[in-house]
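For the record, the sequence lines run as chains A and B. Just so you know, we're using our numbering here: the first sequence kicks off at 1 and counts up by one. Just so you know, we're using our numbering here: the second sequence kicks off at 1 and counts up by one.
If you're looking for bench data, these hints aren't it; they were derived computationally from the structure. From a predicted model like this one, the values you see are computed outputs, not experimental measurements. From the three backbone atoms N, C-alpha and C, an ideal C-beta is built for every residue, glycine too. Take these hints with a grain of salt, some might be off.
[Claimed, not checked] Listed below are several chain B residues computed to face chain A (Cβ distance under 7 Å; list not exhaustive): (1) 95; (2) 115; (3) 126; (4) 138.
[Stated by the list, open to error] Label-pair restraints from in silico Cβ distances: (5) A:545 / B:33: 54 to 60 Å; (6) B:23 / A:32: 25 to 31 Å; (7) B:38 / A:132: 29 to 35 Å.
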Amino acid sequence: MPAPIRLRELIRTIRTARTQAEEREMIQKECAAIRSSFREEDNTYRCRNVAKLLYMHMLGYPAHFGQLECLKLIASQKFTDKRIGYLGAMLLLDERQDVHLLMTNCIKNDLNHSTQYVQGLALCTLGCMGSSEMCRDLAGEVEKLLKTSNSYLRKKAALCAVHVIRKVPELMEMFLPATKNLLSEKNHGVLHTSVVLLTEMCERSPDMLSHFRKLVPQLVRILKNLIMSGYSPEHDVSGISDPFLQVRILRLLRILGKGDDDSSEAMNDILAQVATNTETSKNVGNAILYETVLTIMDIKSESGLRVLAINILGRFLLNNDKNIRYVALTSLLKTVQTDHNAVQRHRSTIVDCLKDLDVSIKRRAMELSFALVNGNNIRGMMKELLYFLDSCDPDFKADCASGIFLAAEKYAPSKRWHIDTIMRVLTTAGSYVRDDSVPNLIQLITNSVEMHAYTVQRLYKALLDDISQQPLVQVASWCIGEYGDLLVSGQCEEEEPIQVSEDEVLDVLEGLLVSNLSTPVTRGYSLTAIMKLSTRFSSLNRIKKVVSIYGSSIDVELQQRAVEYNALFKKYDHMRPALLERMPIMEKTATNGPSETVQTNGETDSTILDTKHLPSISQPASQANDLLDLLGGNDVVPIIQTTVPTKPASAGGELLDLLGDLSLTGGPTPTPASSVPMSQPPFLLDGLTSQPLFNDIAAVIPPMTAYNKNGLIIEFTFERSNPNPNIAVITIHATNSTEADMTEFVFQAAVPKTFQLQLLSPSSNVVPAFNQGSVTQVIRVLNPQKQQLRMRIKLTYTHKGSPVQDLAEVNNFPPQSWQ
Amino acid sequence: MMHFLLLFSRQGKLRLQKWFLPLPERERKKIVKDMTTMVLARKPRTCNFLHWKDLKIVYKRYASLYFCCALENQDNELMALETLHRYVELLDKYFGNVCELDIIFNFEKAYFILDELLMGGEIQETSKLSIVKSIEASDMLQETMEEYMSKPAF
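Start from the sequences, fold in the hints, and give me the full structure.
If you want it as structure tokens, here you go:
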């Protein structure tokens, strides 16, 4: 058989192949030749064949049939064979194959070879790919070599020991004696690898860590010598003596000094020296400074040193080299929690990095900017962040939008600012906003009661411009559904109110239903919004038509909704107002992040809701005192919140005081109310709270008229709250039979001491004339002692331009409502 | 600790691969593909660091070759750049004005040099001189034996 071709020849041949197919053909031919050569057990050319195989393996072709041949090469006496054999073992074999264990004996022999380069090969292979079994078998040999005086072998043995420890941590103890005088070596290679070994041991075992703490002075001395020593050509890199060793020592010092006062103090001087004396013109100097900064931040350094470290990072931020800027931003992100003020000083530079061209830098700068936002700088920072949101890559937009929402929620200086910021995010990055932000935003908007008109107006205008961004469309259609009446009545205080008719609004909502851009979820939102407007608008026919059309929609969700709404129009029309009335203030779910550390600047009303009952008393108590005078009650006891603590709504939801004795003066005699069937408790659409829906019809409590004067009739309808039979849920319906609307209608109620009362927000504060509609409101009364229910009510409204106020008592509660 | 070191050309052809962790062949191939795609997609004046999974990827381009390595979180990226540079200097010293072809035709020598610089993902020698001497001595060992056996190397 002719001699197999040489390696270089093969490489040259393969490179002449013009197509992938041609190359594959050549390789297959050569592989076949190699395989037959292996079968012939040819010792002479084995080395050459394996070398060729390794080349083909690098090109991506399978070479597993050469594994055993590598082992044979390792066992050979020739150095050339061993070299290629070990290389092949490192490339082709790994611990997953049982074959590799056959190497163990060869390696053991080679570790004791007379030639140091053979020993070196063995150590190298063991240190790169030795499996745990191999490591267990050969650890003893490695330990022996760790104690040799040959520095070439000692440094390799040290790194081999590192690998052994990584694979079999239990063997760490074995190497402890050998580490005794590792640091007294002069040879830098041995010093470096020894420091790596010590680092590995300290990282893995707290005992070792405390044991090696005594080495700190020695390490400091070595580092000092490196810095102070003159030019050493062997280890010099751009004027710095052995930067690799310096960096490793700094890293070991970091581990040793962490959490330990004495060690940290011992290194303060040298760290300051390194920080101030290192040349920063080249990358290598900056690398050392970087490591120094990391060490200073981790150990218990004195404050002067920490400030020095942050200033170094600040200088890094101004460096022309992008790598340095990137590294600075990463480190600042790590230190921003602990040294917040110091990092704040560099805020403007960090914000400038948002405009950098490099994607990695922009991302780091964005994360750091969010960490730096606080109550003082929120306005300025948000301006920059919104600008960034406009211009950044799509991958960033989702994270940036979420970050902005979070920051705005924590530090918003005013409600209007908050809403404006949200609007800005929705309109610029609307499609990238996360799904969970839609419910959060809706909750936020609901809770900013005085901004409802402004919000709905802005959202409506945004919808007119663009209906492609689903989160924006969803929030907007929900708001229009809720506050459509405010929109049409042109009531905005914050900005110029727009003139918009009911038909225009319905046009927009219907447009969403039919648009191709709308997702099924969005369509659901707009259908519900249209339905809600049936109690707020007067164009009922149009709404009925839309709803009935979608009763046969292909989309199952839409169809179900439409069918149920249709039923609402037909059979349950009396329930419609109660069902579709205004949403109450929603309880805030746990916000992520420390809501206790919020610095709210100039918030008009505290938005931080807590579930503790008592602290919220102080605010309503002052209002209660005002009512005291008017209602003439005594023994005022402030109301304790019942089950759901809600923020007092500005319209009609104030907490009232409990009165002592209610004087039983003649109140309006209850006229027998026309049989109004029992109303269901408000079923909150979109399933946001868990109120019981349709209760047991058997527990029908007859409704009653509570007040009837001057054309204003207030009827009470009752419901028992299922989970708690002591709670009576009363829905009031206020109707106005006069020819003028009653505006700014506020209903207040007070109950005797033994009861507890909760007033939810009303559907609106305008009672339309000619009984055209009604204002509904829900009262929940807790009556644990089952006493007779009595109530004193106070009504205020504006009628034909003049304010009207009236007090009345309600005593004619049907017995079933309180038994 | 370095997890792996790869050298590849501007066309994405692999010239050297050193793995310091045991990984199955299939996964190695996938990583090589990911690295080449990611690094080759980088624009010219961006920084040399990337984030991939939980590793820091450091890469540097020397003429037509990309040197790419993966570090753990606590490793110093700027120092890794120095390490890559040190390797290139060693290759340059050995081959004399090294170019990609040298590495293609003498890949096993490139591995031998790398094995003198790095072991188990850590640097084993910080003196250029020392490494060069070791390589020369090993080569001498090789030639002496071959001459003795009067057989060609391979």
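Hints versus structure:
no. : hint                     : in the structure
1   : 95                       : violated (14 Å)
2   : 115                      : holds (5 Å)
3   : 126                      : holds (4 Å)
4   : 138                      : holds (5 Å)
5   : A:545 / B:33: 54 to 60 Å : holds (58 Å)
6   : B:23 / A:32: 25 to 31 Å  : holds (29 Å)
7   : B:38 / A:132: 29 to 35 Å : holds (32 Å)
Hint check: a violation occurs at hint 1 only; the rest are consistent with the structure.
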